[in-house]
Amino acid sequence: MMRAILRLVIEVPGIKLGEQFGASMKLSVVMSVYNERATLRHVVERVLAVPLELEVLCVDDGSQDGSREILDGLHSQYRQVQVLLQARNMGKGAALRRGIQEATGDFVVIQDADLEYDPTDYPLLLDPLVQGKADVVYGSRFLGAAPHRVLYFWHSVGNRLLTLLSNCLTNINLTDMETCYKVFRREVIQSIPIEENRFGFEPEITVKIARRRLRIYEVGISYWGRTYEEGKKIGWEDGFRAVWCLIKYSIKERAAAV
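Numbering (the numbering used here), first residue to last: 4 to 261.
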């Protein structure tokens with residue numbers, strides 16, 4: 004079926020998006036969901052408010068807090084929302100792997116089911132892809148002047164150290180390897196085998212796209228981090244796993260021929 008031609012009126016400082024998004028284009032939003040009833044409906048509705056042709060692939064990873072029932076309601080209410088159910092809790096990487104396999108859009112963006120990342124940043128993330136300059140775009144929490152909630156110092160130190168190690172092993176100069184917001188050309192991300200089942204997705208995919216010599220861009224995004232009391236799940240053990248994944252895939256993955 005022919006997709007509707009999009010005419011956006013969004014204006015971003017320094018970028019005129021109306022022309023770039025004038026062509027037919029569809030965005031697949033892949034969202035891993037695990038016990039996020041407090042924010043789930045809000046974040047899905049914020050995603051759907053972005054004036055793009057969207058499909059929202061919500062992969063419930065064995066939630067037990069009522070998130071599945073909320074997803075059922077969203078699926079009934081919005082034609083763009085598709086719900087995929089994991090038989091049990093298998094981890095974020097496993098959920099993203101399934102959602103990515105089901106995506107049909109021109110581009111695929113990873114979206115968390117909390118409110119830490121703002122879907123209104125999608126046009127900024129998509130711009131280098133639509134212009135044909137990039138294969139992958141990372142949304143960096145450490146670039147630009149967008150608003151950021153002030154939170155944990157040692158988490159920021161850990162993120163920067165992981166990014167530094169990632170850059171040393173891959174010879175690319177990212178500022179935020181662990182960011183959730185990563186956008187890919189669909190054929191690119193679907194061609195990369197994803198092996199990690201839990202929070203190792205970020206370092207694994209970073210090494211693999213670097214080894215494939217893909218064109219990577221970064222743009223600054225806003226960030227509204229949440230506390231552990233508000234539902235934050237990632238911990239220090241995940242940081243150690245990220246180090247292991249960086250080393251593992253740096254050794255395992257061969258660089259693409261120039």
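Quick caveat, the hints were computed from the structure, so don't treat them as lab data.
Everything numeric in this text was worked out from a predicted model, so none of it was measured.
Note that beta-carbon positions come from the ideal geometry of N, C-alpha and C, so glycine has one too.
Take these hints with a grain of salt, some might be off.
Pair by pair, the computed Cβ-Cβ distance ranges are [stated by the list, open to error]:
(1) N176 - G135: 18 to 24 Å
(2) Y81 - C171: 30 to 36 Å
(3) Q193 - W247: 22 to 28 Å
(4) A149 - G76: 28 to 34 Å
(5) Q67 - W227: 22 to 28 Å
(6) F243 - R215: 23 to 29 Å
(7) G69 - A149: 17 to 23 Å
(8) E240 - E48: 40 to 46 Å
(9) Q134 - S79: 24 to 30 Å
(10) Q67 - K251: 38 to 44 Å
(11) S79 - V246: 41 to 47 Å
(12) L88 - L164: 23 to 29 Å
(13) R216 - E72: 23 to 29 Å
Hints versus structure:
1. N176 - G135: 18 to 24 Å: holds (22 Å)
2. Y81 - C171: 30 to 36 Å: For Y81 and C171 the Cβ distance comes to about 43 Å; the hint is violated.
3. Q193 - W247: 22 to 28 Å: holds (26 Å)
4. A149 - G76: 28 to 34 Å: Holds: the Cβ-Cβ distance is about 32 Å, inside 28 to 34 Å.
5. Q67 - W227: 22 to 28 Å: holds (26 Å)
6. F243 - R215: 23 to 29 Å: Check passed, 26 Å falls within 23 to 29 Å.
7. G69 - A149: 17 to 23 Å: The hint (17 to 23 Å, Cβ to Cβ) is violated, given that G69 and A149 are roughly 32 Å apart.
8. E240 - E48: 40 to 46 Å: violated (33 Å)
9. Q134 - S79: 24 to 30 Å: violated (37 Å)
10. Q67 - K251: 38 to 44 Å: The hint (38 to 44 Å, Cβ to Cβ) is violated, given that Q67 and K251 are roughly 31 Å apart.
11. S79 - V246: 41 to 47 Å: holds (43 Å)
12. L88 - L164: 23 to 29 Å: violated (36 Å)
13. R216 - E72: 23 to 29 Å: Since the Cβ atoms of R216 and E72 sit about 45 Å apart, the hinted range of 23 to 29 Å is violated.
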